[in-house]
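Given the coordinates of chain A, assemble chain B onto it according to the supplied hints.
Taken in sequence, the protein lines are chains A and B. So that you can map any letter, position 56 of the first sequence is 56 in this note's numbering, and since no number is skipped, the others follow by simple counting. Plus 1000 on top of the position in the second sequence (first one is 1) and you've got this note's numbering.
FYI, nobody ran anything at the bench for these hints, they're computed from the structure. Glycine included, C-beta positions come from ideal geometry on N, C-alpha and C. Among the hints, a few may not be true.
Unchecked claim - FRET-style restraints, in silico, Cβ to Cβ:
| hint | chain 1 | residue 1 | chain 2 | residue 2 | range |
| --- | --- | --- | --- | --- | --- |
| 1 | B | G1234 | A | M104 | 49 to 57 Å |
| 2 | B | G1138 | A | Q157 | 28 to 36 Å |
| 3 | A | R180 | B | A1245 | 44 to 52 Å |
| 4 | B | G1234 | A | L108 | 55 to 63 Å |
| 5 | A | A153 | B | P1088 | 34 to 42 Å |
| 6 | A | T89 | B | D1252 | 53 to 61 Å |
| 7 | B | Q1076 | A | M104 | 34 to 42 Å |
| 8 | B | R1028 | A | L108 | 27 to 35 Å |
| 9 | B | D1210 | A | F115 | 52 to 60 Å |
| 10 | A | M104 | B | L1256 | 53 to 61 Å |
Unchecked claim - Partial selection, computed: residues in chain A whose CB lies under 10 Å from chain B:
| hint | residue |
| --- | --- |
| 11 | R160 |
| 12 | L161 |
| 13 | E165 |
| 14 | A167 |
| 15 | S168 |
| 16 | L170 |
| 17 | G171 |
| 18 | M172 |
| 19 | A176 |
| 20 | E181 |
| 21 | P184 |
| 22 | N185 |
| 23 | L187 |
Here are the chains, one letter per residue:
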Amino acid sequence: MPRDLRIWLGGGFILFLILVAMFAPLLAPFDPLEQDLMAATAAPGVEPGHWLGTDSLGRDVLSRLIYGTRIALTVAFVAAALACLLGTTLGLLAGYYRGWVDAMVSRLVDIWMAFPPVLLSILLVAVLGAGLTSVIIAIVVIDWTRFARVVRAETQQQARLEYAEAASALGMGHGAILWREVLPNVLPVVLVLLSLEMGIAVIVEAILSFVGLSVSTDTPTWGGMIAEGRQIIYQAWWVLVFPLGALFLTVLAFNQLGDGLRQWLDPMLKR
Amino acid sequence: MLIEARNISLDVPDMSHQVLIGHRRKLRILKNVSIALKKGETVGLVGESGSGKTSLGRSLLRLHEPSEGQILFDGQDITHASAAELKPLRRRMQMIFQDPQSSLNPRHTIGSILATALKLNGMDASDKSIAAVLDRVGLPSSAIRRYPHQLSGGQRQRVGIARAVALKPDFVVADEIVSGLDVSTQAQVLDLLKGLRSEMGLALAFISHDLSVVRSLCERVVIMKGGEIIEEGGTAEVFAAPRTAFTRTLIDSIPLPEVRPGWLDS
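Chain A on its own, in the form it takes in the complex (with noise of 0.2 Å):
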């Protein structure tokens, strides 16, 4: 796929989900919380204005999922952001300074990624409690390597060639060559990881929902939405399906913009 299209589908479907996240009480046809027992488990079209149909308390499929926009975005660029955040500053202190900095950070990332890492979050939820920013703070915790590993190499490698020798002979600090000369070029990279990072935290909060550790039940959440729809799924699939549509869309946007972003900045391809 030619990357500008992988771009232009994968971020326009992300600006699609913040304008939905944005404007849920305008465009849910319901209150996703309130139910109507009469209307349980209608199938998608039968109730009058239950587009997806209704789960087994019978509320509206799509206005829950509407709402669930909100959480899992809410994470991907909240959790992503500081997890970026936090790689990212060692990534670039260990490639920089090397010796015992670089020794420290790579030790810690060879031991946390020893640990599996959906385990690692589910336990981590369990010890902060459930709710968003414990969801939000595991996500923080498991994946700043992600971006510590990558930017650390590439931060060795920027700070081998010349150009941050020649701001030291101008009589630069080691601060200001790390943010001004190094810094502008690490970025791309980092720019990728984050997308690709957002996409991963849309899972992780996914799952961590799923087995009830995120967001309180009365949250609807996509992964809540699916562990219900699970109990269901030979009477009414539709529970299942439509959450687990938008959550492999979501994902897929994220990982197609992350993938066009790396072919559109690195220079290699770009010839």
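Chain B in isolation, oriented as in the chain A frame:
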């Protein structure tokens, strides 16, 4: 003496040996080297790659900290001076790098690269003074808004020279600055350097493996091998009567523009 190195040695960690705990083995890449430059003097540092000529140049600028010995700049001992202590001296000693492709940050415009150099040393960084510097090295003022990759190799090296001489330094280390350029561009860049040298009274440490270039530019020459100085003296004397076999080989390897009669027939 403007700049002087007294018996310096330089150790670097040996990166070919991975260690789990503790310090890496050290490699001694400069062994007991002494060199001195007067104001306005040009000295050629010659040797094969790995001979330590670049390390010596960088040590003179205190981009490396020598393990032993002393470095004096204008009478001041800078052997172990901190970054803050070196800061006021940075304006007076500069470096031109071998590969402008890598020594010019691809994310900054030429204008921003030169402005940074001037600002860091408390000099006027207006567009007007940057244009004047560019003009001096033979580049149009429109280059201010260009990025390094939009210039040719020769133009990029002129920017590298501009960045060093914009600060009006007393001492410049030029590290293989023409080795990446084609021959006609080499000549132009060398002419530019000669002009700047006489105009500013620069002391120049000219690092090169190309003896013909060194011969045309330098008053004195220092031959290095394996981190040591094996021969030094006036350029004319060394070229006329080399004392070591190594220097002899170096000189013999200069291609000469003689043509054997009848070479076309063979």
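Quick rundown of the hints versus the structure:
{"no.": "1", "hint": "B/G1234 to A/M104: 49 to 57 Å", "in the structure": "holds (53 Å)"}
{"no.": "2", "hint": "B/G1138 to A/Q157: 28 to 36 Å", "in the structure": "holds (33 Å)"}
{"no.": "3", "hint": "A/R180 to B/A1245: 44 to 52 Å", "in the structure": "holds (49 Å)"}
{"no.": "4", "hint": "B/G1234 to A/L108: 55 to 63 Å", "in the structure": "holds (58 Å)"}
{"no.": "5", "hint": "A/A153 to B/P1088: 34 to 42 Å", "in the structure": "holds (36 Å)"}
{"no.": "6", "hint": "A/T89 to B/D1252: 53 to 61 Å", "in the structure": "holds (55 Å)"}
{"no.": "7", "hint": "B/Q1076 to A/M104: 34 to 42 Å", "in the structure": "holds (37 Å)"}
{"no.": "8", "hint": "B/R1028 to A/L108: 27 to 35 Å", "in the structure": "holds (33 Å)"}
{"no.": "9", "hint": "B/D1210 to A/F115: 52 to 60 Å", "in the structure": "holds (56 Å)"}
{"no.": "10", "hint": "A/M104 to B/L1256: 53 to 61 Å", "in the structure": "holds (57 Å)"}
{"no.": "11", "hint": "R160", "in the structure": "holds (9 Å)"}
{"no.": "12", "hint": "L161", "in the structure": "holds (4 Å)"}
{"no.": "13", "hint": "E165", "in the structure": "holds (6 Å)"}
{"no.": "14", "hint": "A167", "in the structure": "holds (8 Å)"}
{"no.": "15", "hint": "S168", "in the structure": "holds (7 Å)"}
{"no.": "16", "hint": "L170", "in the structure": "holds (5 Å)"}
{"no.": "17", "hint": "G171", "in the structure": "holds (4 Å)"}
{"no.": "18", "hint": "M172", "in the structure": "holds (6 Å)"}
{"no.": "19", "hint": "A176", "in the structure": "holds (9 Å)"}
{"no.": "20", "hint": "E181", "in the structure": "holds (5 Å)"}
{"no.": "21", "hint": "P184", "in the structure": "holds (4 Å)"}
{"no.": "22", "hint": "N185", "in the structure": "holds (6 Å)"}
{"no.": "23", "hint": "L187", "in the structure": "holds (8 Å)"}
The structure agrees with every numbered hint stated previously.
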